[in-house]
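Novice: Top line first, the protein sequences correspond to chains A and B.
Just so we're aligned: the first sequence equals residues 1 to 115 in our numbering.
Just so we're aligned: the second sequence equals residues 116 to 231 in our numbering.
Calculated directly from the structure, the hints in this document are not laboratory data.
Quick reminder that beta carbons are idealized off the backbone N, C-alpha and C, glycines included.
Check before you lean on any hint, since a few could be wrong.
Sample of chain A residues lacking proximity to chain B, with all beta carbon distances greater than 12 Å (derived) [said to hold, decoys possible]:
(1) VAL13
(2) GLU15
(3) LYS114
Pairs of lysine-lysine residues, derived as DSSO-like cross-links and limited to a Cα-Cα distance of at most 27 Å, are as follows [unchecked claim]:
(4) A/LYS49 to B/LYS172
(5) B/LYS186 to B/LYS129
(6) B/LYS124 to B/LYS198
(7) A/LYS77 to A/LYS49
(8) B/LYS124 to B/LYS185
(9) A/LYS49 to B/LYS186
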Amino acid sequence: AQSVAQPEDQVNVAEGNPLTVKCTYSVSGNPYLFWYVQYPNRGLQFLLKYITGDNLVKGSYGFEAEFNKSQTSFHLKKPSALVSDSALYFCAVRDESSNTGKLIFGQGTTLQVKP
Amino acid sequence: DGGITQSPKYLFRKEGQNVTLSCEQNLNHDAMYWYRQDPGQGLRLIYYSQIVNDFQKGDIAEGYSVSREKKESFPLTVTSAQKNPTAFYLCASSITGTKYGTDTQYFGPGTRLTVL
Chain A
1 AQSVAQPEDQ VNVAEGNPLT VKCTYSVSGN PYLFWYVQYP NRGLQFLLKY
51 ITGDNLVKGS YGFEAEFNKS QTSFHLKKPS ALVSDSALYF CAVRDESSNT
101 GKLIFGQGTT LQVKP
Chain B
116 DGGITQSPKY LFRKEGQNVT LSCEQNLNHD AMYWYRQDPG QGLRLIYYSQ
166 IVNDFQKGDI AEGYSVSREK KESFPLTVTS AQKNPTAFYL CASSITGTKY
216 GTDTQYFGPG TRLTVL
């Protein structure tokens, strides 16, 4: 079965420090991977996606993600965290078992950046 | 959130009532989706539509119904058969809705439904 796991419910970092939000996946075939961010009572905002090519994907607001095929991971990173980065982050993989663009989402990770 | 609107932002329902959540997009996307979000459970797919006048059940379709009469509109009805409807509902759209493209799904701002 295809799935996405975000092993940490919450990540705490100090402002200015680097941050990592972890994501691992299980799919048949080549994975199409996404990161979204959600602020309280808002919809999801697209950050970045991996389709193919360079394993380091750059996205919005200074975020980047590293695709690692051998470890089946797609961790979200940022060199220097901001308090305004505090939000709920979702990793998702496209469902390759059907002929649709359905996404399978992880449970979400709350990022708390402290001043 | 740009290009996809959802209304109302907050909705209160009494037991036994049907309610309809609106989703409109002006992105000229073929595919539209409805998700339900509960705390700690991520997003779960309710229904999706890849083209006008066609839609398919997602993972948790029981107690919900949809229609897709126009490309830009995909309303969701929460029926009285849905036993636990209190949740945050998110609508999304993408260009093609197939696995043969490199679509990105874009989300609306959401509707919070509360059963009184």
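Novice: Look at each hint and say if it fits the structure.
Specialist: Comparing the hints with the structure gives:
The beta carbon of A/VAL13 is kept farther than 12 Å from every beta carbon of chain B, the shortest such distance being approximately 21 Å. With a minimum CB-CB distance of about 26 Å to chain B, A/GLU15 clears the 12 Å threshold, and the non-interface call stands. The non-interface label for A/LYS114 is consistent with chain B: the shortest C-beta to C-beta separation is roughly 22 Å, beyond 12 Å. The straight-line distance between the Cα atoms of A/LYS49 and B/LYS172 is roughly 26 Å, inside the 27 Å bound, and the hint therefore holds.
With a C-alpha separation of about 31 Å, the suggested pair B/LYS186 and B/LYS129 falls outside the 27 Å cut-off, and the hint is violated. Distance restraint check for B/LYS124 and B/LYS198: the Cα-Cα separation of roughly 21 Å lies within the 27 Å cut-off, and the hinted pair is therefore satisfied. Pair hint A/LYS77 plus A/LYS49 holds up; C-alpha atoms about 13 Å apart against a cutoff of 27 Å. Distance check on the hinted pair: B/LYS124 and B/LYS185 sit about 22 Å apart at the alpha-carbon level, within 27 Å; holds.
Restraint check for A/LYS49 and B/LYS186: satisfied, since their Cα atoms lie roughly 26 Å apart, inside the 27 Å limit.
Taken one by one, the earlier hints fail for this structure only at number 5.
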